[in-house]
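Novice: When you get a sec, could you build the whole thing from the sequences and use the hints?
These protein sequence lines are chains A and B, in that order. 1 is the number of the first residue of the first sequence in the numbering used here; add one for each residue after it. 1001 is the number of the first residue of the second sequence in the numbering used here; add one for each residue after it.
Since the hints were made in silico from the structure, they are not lab data. Built from N, CA and C at the ideal position, the CB exists for glycine as well. All clues given are correct.
Label pairs and their computed distance ranges (CB to CB):
#: 1; chain 1: A; residue 1: Val384; chain 2: B; residue 2: Pro1455; range: 28 to 38 Å
#: 2; chain 1: A; residue 1: Val384; chain 2: B; residue 2: Glu1437; range: 42 to 52 Å
#: 3; chain 1: A; residue 1: Thr358; chain 2: B; residue 2: Leu1152; range: 28 to 38 Å
#: 4; chain 1: A; residue 1: Lys363; chain 2: B; residue 2: Val1420; range: 54 to 64 Å
#: 5; chain 1: A; residue 1: Tyr193; chain 2: B; residue 2: Thr1491; range: 45 to 55 Å
#: 6; chain 1: A; residue 1: Arg68; chain 2: B; residue 2: Val1021; range: 56 to 66 Å
#: 7; chain 1: B; residue 1: Pro1225; chain 2: A; residue 2: Phe478; range: 37 to 47 Å
If you want the ones that stay clear, here's a sample from chain B, every Cβ over 10 Å from chain A, calculated:
#: 8; residue: Tyr1292
#: 9; residue: Thr1354
#: 10; residue: Leu1386
#: 11; residue: Pro1405
#: 12; residue: Ile1416
#: 13; residue: Met1426
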Amino acid sequence: MLEPINVSLESLNLITLTPMLIAIAGALIILVIDLINNKLHKSLYVMLTILILFIDFGSVLGLNVNERGFFDVMLIDGISIISQLMIIGGSMIFIPLALTSKRFHEYSYPEFFALFLFMIAGFQFMVATDNLILIFVGLETASLSLYTLIALHNRANSYEAAVKYFTMGALAAAFFAMGSAVVYALTGSVELYKVAEVMATRMNETGLMIAIYGSSVLLLVAFAFKLSLFPFHTWAPDVYEGASAPLAGYMSVVPKIAAFVVSIRIFGMYIDLGVEWIRITILVLAVITMTLANIMALVQDDVKRMLAYSSISHAGFIMAALALDTTEGNTSIFLYYALFMFTNLGAFAMLWISRHKTRRFNKRYDHPYEKFSGLIQIMPMGAVVMAIFMLSLAGVPPFSVFWGKIYVMQAAVNAGYVWLAVIMGLNSAIAAYYYLKLIVYMFLKDPEKNVDIVYYNMSKPLIVIIGFATVATVTAIFYVQPLLSYLYYMISASGY
Amino acid sequence: MENILSILVFFPLIAGLLGFVIDKDSIRSYGITVTTIEFFLSLWLWFSFDMNNAGMQFVEMLPIIPDMGISYYLGADGISLFIIIMTTLMTLIGMASMGETKNIKNMIISLLFLEMTMIGVFVSLDAIIFYLFWELSLVPMLYIIGAWGGPLRIYAAIKFFLYTFTGSLIMLVGMLFVAYTYHDLTGVWSFAITDWYALVLPVEYQLWLFGAFFIGFAIKVPMFPFHTWIPYAHGQAPTIGSVILAAVLLKMGTYGFVRFSLPMFPDAAVMAITPIAILSLIMVVYTAMIAYVQKDMKQVIAYSSVSHMGIIMLGLFAMNAEGLSGSVFQMLSHGIVSGALFMLVGMIYERRHTKQLSEFGGLAAVMPKYAIIFGIMLMASVGLPLTIGFVGEFLVLLGFYKVSPIMTIIAGTSIILGSVYMLRVMKLAFFGPLDNEENKKLKDLNSRETWSLIPLVAIVIWLGVYPKPVLEPIDNSVKALLVFMDEKAITQEAKDMIITAKSNKEAK
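Specialist: What follows is the structure, given as structure tokens:
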């Protein structure tokens, strides 16, 4: 007969669950409000979402570092706190982009906002645990919500994008489940800290290495899909193109932060155990990803697809930092994304405000380069802001991404990988070409005929968000130091 | 004003930002006023400069990112002082003589931003701040070439940007590695160049790092075989773009060698003397030959400017005071002379809308003032005694003679080859029959053009006759640099090669 389980409420440490519960409760509140009155304007939901996220943000800030809770399933360490803060912060910049001057289909449903909050809760679960099952649950909650959000854009290619993403995501989930199963078979546990303990004792057993390596490869494939690493990156450009511009920008940052946190936990563990193969595999994948994506980005005709490939390349850049498995390497991941977030969301927001209902410049693409030609003559401020985002993405100092890049490269040099830093440098040089291409179109070419306004979709909230992203991009030099020391402190406190 | 360097850097930036609100018709006067003030500020720097102090002066230090060892760290010594003054002077004169009228507001603002980045490069003592200004200087130049240039302007602008950007990223990795080594030895992160000077690196490291920095700087100089971007850049750039490019931007490369490569890697620098000398000689002779066959007047000047950069490179690696001082002096003279020549070509281009030498002939008859000034600048470019070009070139050759007499003789042909192609330009453009109908109606220089060129003519002759006020502070800092390199060098060959001023005196 089973013993009744005695659990005291205190030992559950429910406080570790509050941030996610706040997001979920907020989503439910939004659904209830819609039930009561379904004629409410989207601006109400946007502001409500921001307020809920604000509370969520505050509750994360209030968490203590290195606590466990809920049967030791929840793990609140430094990286889980900073990644949650970044996820919520990124979401808070993203959601006001719904307040366009033109009406778009998806924002007329309150469900959009509820799904959005569910998704955030999913990401938060993903990063705040080292239990493979809860990671899986968080990943799926978030991903399923995200597929729906993409499809809500209500265009032929957004359905295509959603279905493509869903299929790929399902495949990734299968790989993740298989990898976890192998890990469980090897160690009898799905909790990473126990897994690490057991694996460390069994490392010398003959014939086991292949199984350990196999499990890591299965898990790597799963996350390679999510992080759009070569050769599992092919879905990304199509999905980004089909999704609305802000959502594409969001996808290139926030889900990747969550996936990177899990990757740090899983692959950091493997590398710590001395599985050098996995480090080499990750490095090779990372180098191929950044190079190939850069080369692909060179030949794109559409700015959004170019930005999609560019964010794949940036992900490769960061993945290389993960393989270093040093505190600096891990810090660089967060620093890079914290800085990249503003710039990239800003760049996608600039595409968003130039979005027309119809494709006026090209039958195939929404944002061909021609659309932006001669922008300096039509709208100087818009051209300058976009140019700043592009220069920042290219890694021109003193704009934000440069500081991330230099820190990643410094981490690579410090870990003894000078060749990696050289490859990163050369890749930044290749990347400069396609960012420059847009600047050339905006500044050096004459406008296409019959163009009245490019930034058709502009509204005050969007200007505020873009202005905020611009300020964050330009003044990065002043806040890198506090950001860096906070991140470094949090990461070294949690032992990575 | 101990913080005059910060003022020098940020004054053009603030002026550029404020320039956005100035009315289009008044922007030219605004730009000229601002650059004049900036020029006087740089003169102030000269007057408050302590000529007897060979070290860094007006030092400012403010940690920005202490965790990474990056600080806002500025300073100037005798080497950078005159380059700064030359930068402000050439920006002022280039702007005053500018004939552009299209989108003049954007042009003036870009020039002001460019001035900020150029001065920033020459005053930074922190590698990352140096890199920051170095990269940022590409952006306004890209716009200037790309927006006001010739038919192939976009190609030229992108080529310019990508070439330099690639080189400097390799240099950045080198910088990061130096910082890492510094951290390894001292436990402190620092990107300050003066801290790095204290670092004694093994020869193998020095060679690799010298290579990384070399790529960054050599592309900018531009050294053969990395020079292919410059004919496009000069060929397509508007006059003002070529003036700034030749006068200042190319000097960033040679300045980088003086500031980074020589003091940080003395052994590697000594080992690199022969290969760099060979590349420089190829630059000198080969580009001079190319210059001779050009049909386009501006391309002649462009190739001659590359050829003279070869002389500067040669002097930098002479490893003695004459060669190095001569080389730094040649940077100034090259800046002023080639800048003036590009302006002159620009003036005739505005009148005739062609730069083909075959279109001209006998211009001396219709444009006497123009011909005289062109003649003086041409002579200075060739290196005629009593002009500014002679001093630097002579010192460089004198200095390099101690390294290799044969190479010096080959380099000396630059004066002969220079006069060959320059006199060809003179002959084809100014003498001979005035048989082209359109040339007969040409107007001579107007007062704006004359008055922007006369200061340059005055400097060319003044410093040609009496270079001491400029040469002395340069010499001081160069000697200090050589003594430092000598002390720091590990290998005996390097110590033998680096001839410090002290041993010079003993020899006498």
